[in-house]
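**Student:** Protein sequences appear in the order of chains B and D. For the first sequence, this note's numbering assigns the number 1 to the initial residue and increments by one for each residue that follows. For the second sequence, this note's numbering assigns the number 1 to the initial residue and increments by one for each residue that follows.
Just so you know, the hints here were simulated from the structure itself, not pulled from any lab data. A couple of the hints might just be wrong.
Identical copies go unnamed one by one, so any copy, or any two together, can satisfy a pair.
Each computed SDA-like pair below joins lysine to any residue, with the alpha-carbon atoms no more than 25 Å apart [claimed, not checked]:
1. Lys309 - Ala253
2. Lys309 - Pro229
3. Lys309 - Gly296
4. Lys309 - Gly256
5. Lys309 - Glu196
6. Lys410 - Glu337
2 protein chains.
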Amino acid sequence: MSEAAESITSGLRTLAQFGATPAGIDRRLFSPADYAARELYVAWARADGRTVTQDRAGNVFARRTGRSDQAPIVTGSHLDTVPTGGPYDGAYGAAAGLWALRELDSADVETEFPLEAVAWAGEEGSRFPLGCLGSSAFAGLNDLASIEALRDDDGVSFAEARDGASGLLRGVPLRDDTRAPSAYVELHIEQGPVLEHRGIRLGNVTAIAGQRRYDVEITGESGHAGTVPMALRRDALAAAAEIVLALETEASAHEGVVLTVGRLVVEPNQTNVIPGRVTFRIDARSIDETLLTRVGERVVDHARHVAAKRGVAARIEQIERRAAVAMDPHMREALSEAFAGLGERALDIPSGAGHDAMCVAAVAPVAMIFVPSAAGRSHVGDEYTSPAELDLGVEALARALVAIDRRLAKALPSRS
Amino acid sequence: MSEAAESITSGLRTLAQFGATPAGIDRRLFSPADYAARELYVAWARADGRTVTQDRAGNVFARRTGRSDQAPIVTGSHLDTVPTGGPYDGAYGAAAGLWALRELDSADVETEFPLEAVAWAGEEGSRFPLGCLGSSAFAGLNDLASIEALRDDDGVSFAEARDGASGLLRGVPLRDDTRAPSAYVELHIEQGPVLEHRGIRLGNVTAIAGQRRYDVEITGESGHAGTVPMALRRDALAAAAEIVLALETEASAHEGVVLTVGRLVVEPNQTNVIPGRVTFRIDARSIDETLLTRVGERVVDHARHVAAKRGVAARIEQIERRAAVAMDPHMREALSEAFAGLGERALDIPSGAGHDAMCVAAVAPVAMIFVPSAAGRSHVGDEYTSPAELDLGVEALARALVAIDRRLAKALPSRS
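Based on the provided sequences and hints, a complete structural model is requested.
**Tutor:** Below, the structure written as structure tokens:
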């Protein structure tokens with residue numbers, strides 16, 4: 001293992017201690033484990049000579065000065081996890097920001113723009129009911145007062161948690177800088193199997209998929225499993241099963257669309273009772289908004305058609321809608337240059353998962369780099385990316401930051 | 001409403017008070033409500049001049065003497081209910097036994113054989129883990145010692161409950177008579193929609209269906225709903241859905257077979273996670289044992305075929321097997337005569353549900369009479385059979401007892 005790869009691997013292993021449980025890593029926002037992770041992040045940054053600040057949403061920034069005082073080029077990801085998370089989702093991109101800046105130090109690379117590594121607060125939405133909490137506050141998509149009022153399952157508000165013992169870091173200055181970054185680039189594990197499947201080690205993300213979620217309730221007629229002939233049944237589960245398969249077929253017919261029924265509940269759920277009611281959720285994603293809207297209409301059609309045919313009632317309601325966010329074309333070109341400089345082939349790949357980049361895109365041009373996830377495992381304790389891939393990602397990120405800096409610098413008015 | 005219908009309806013309404021809850025009737029064995037129901041049963045029987053006894057399983061017998069001292073012709077059903085039961089399942093057939101004997105009193109009908117009405121204990125298996133508990137003990141299918149050791153969910157044993165305040169009735173003599181009945185006939189609501197659907201008010205049961213139960217576990221691969229393309233998924237729910245539909249098609253292809261997936265659980269059951277594991281139960285019933293065995297093999301084939309095609313693992317295990325029980329042909333003929341005497345058309349109908357008659361069949365020839373269930377509703381608070389149909393059922397039962405008595409008497413050696 002190269003020295004760099006070893007350093008990254010060992011850093012991530014240390015981070016993974018914070019919140020370790022038998023089922024995975026539980027490092028929710030403003031927990032003691034999350035505090036410790038942020039504290040370690042700060043220690044690493046300061047050891048590298050960075051100026052560290054934090055904002056009132058809990059985001060932590062580590063600054064490397066540039067030749068100019070332009071708004072910084074920012075890179076990072078989040079340090080929080082889902083309740084049974086893995087060691088790389090978020091933590092890798094956050095730590096990689098620091099490692100990339102360190103790489104530029106070693107190579108004596110100066111940039112025109114200041115560079116900032118960031119550790120975003122609460123991306124997973126696992127404690128307070130808002131995903132991408134920190135980046136959303138940073139980008140002004142949610143105002144701080146509304147975020148401060150959010151409560152966790154125990155009734156503790158964001159403001160109370162933030163101002164408590166595991167909240168804002170002691171000894172780190174607060175900043176009220178609201179200047180939009182000049183650019184943002186995020187490195188993340190793919191969380192899917194595509195790179196591995198294609199044998200390609202880097203992804204240049206095209207867009208973050210738009211998402212629709214639907215809540216479906218099928219009401220048939222419950223009855224005794226032994227006494228109601230097949231022809232007289234109105235079985236809610238059989239209807240739901242037919243819809244599940246229709247959705248699978250529908251999604252498979254469109255490149256770049258995924259439809260998932262991840263949650264399904266049968267009532268009364270007894271072996272000897274024909275199901276009278278089934279509720280389920282449909283999750284639909286695509287980076288193509290027009291296609292997603294059309295598929296969404298087909299989803300509703302399928303549910304209504306099956307219900308009508310089987311004499312059951314279907315209530316279907318769209319409960320969530322998130323627009324697709326395209327990565328910035330110029331940023332993506334800068335990434336391509338950086339990957340080419342490494343002699344590494346990259347795959348243009350959509351992101352099916354949401355990321356902080358999605359929120360930052362509201363105020364800056366953004367891009368994302370993916371590295372492979374073994375077997376696509378995600379949000380589980382044994383998610384895995386090899387040390388060599390982790391190392392490659394950091395190297396690619398460092399080069400991407402330089403390429404972005406060069407491009408943006410060219411566009412600056414001449415200072416002569 | 002006729003006087004008889006009014007009397008039955010009002011009697012059942014009074015019984016329905018015992019254990020009434022907003023969700024239905026909760027009258028589990030040896031609960032205070034169950035004690036009260038048995039106590040009322042005894043009061044009714046004694047008011048009619050019956051000799052009342054109980055056995056150590058909690059069964060209560062009300063005897064009307066015959067000309068001879070042969071083993072009695074027995075009729076009845078159970079007084080216990082599921083936790084959210086209705087007013088007719090069991091209670092109707094139990095009370096109807098008393099009403100039928102009263103009808104014979106009014107008509108001054110003597111029988112050769114003694115007649116006994118019985119209220120079986122714990123048919124539903126809702127407190128102690130044994131269905132048809134009382135009739136099973138009566139028929140010697142389970143010995144008393146093993147029944148006494150059964151424990152409810154609170155750890156209370158059958159023996160403790162039986163010997164407690166809501167157990168055996170105070171003031172009712174114990175009997176240790178283990179003589180098998182000469183015959184047994186049970187009146188019950190259909191618990192299915194067939195009679196209503198066919199517009200026929202009486203059913204002459206052909207057989208009680210055999211049953212197979214299977215436990216199925218599908219293991220696919222869990223993954224992020226946004227990041228795994230459709231072609232790379234091994235979705236356990238999609239596989240289960242395909243099996244559910246295959247079973248529906250399979251059952252519909254065979255007259256008299258029902259297949260039900262009543263219980264299905266998805267894991268991890270989160271909107272944004274592709275299901276990695278689905279477990280479900282299959283309930284298969286038919287009165288044709290050969291067909292049931294063949295369909296059972298097809299069930300296993302379907303599960304294996306779908307699993308292989310989709311690259312998921314399927315574990316399928318038969319967890320229950322109950323043989324079909326045919327009603328006695330001579331008894332069924334006696335029922336036909338009785339129905340004809342009423343000028344009433346009857347339907348030959350299988351029973352998909354289990355009944356005490358199934359256990360008594362081990363020691364005596366048995367038959368069953370069904371009356372309609374509105375919309376086939378069963379095991380719910382609003383199960384319904386009209387007063388006229390309830391009345392007709394009692395009338396049919398009274399005539400059936402006489403017809404059975406006449407047939408059996410003819411077969412007796414001449415006493416001259």
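**Student:** Which hint numbers does the structure go against, in order from smallest to largest?
**Tutor:** none
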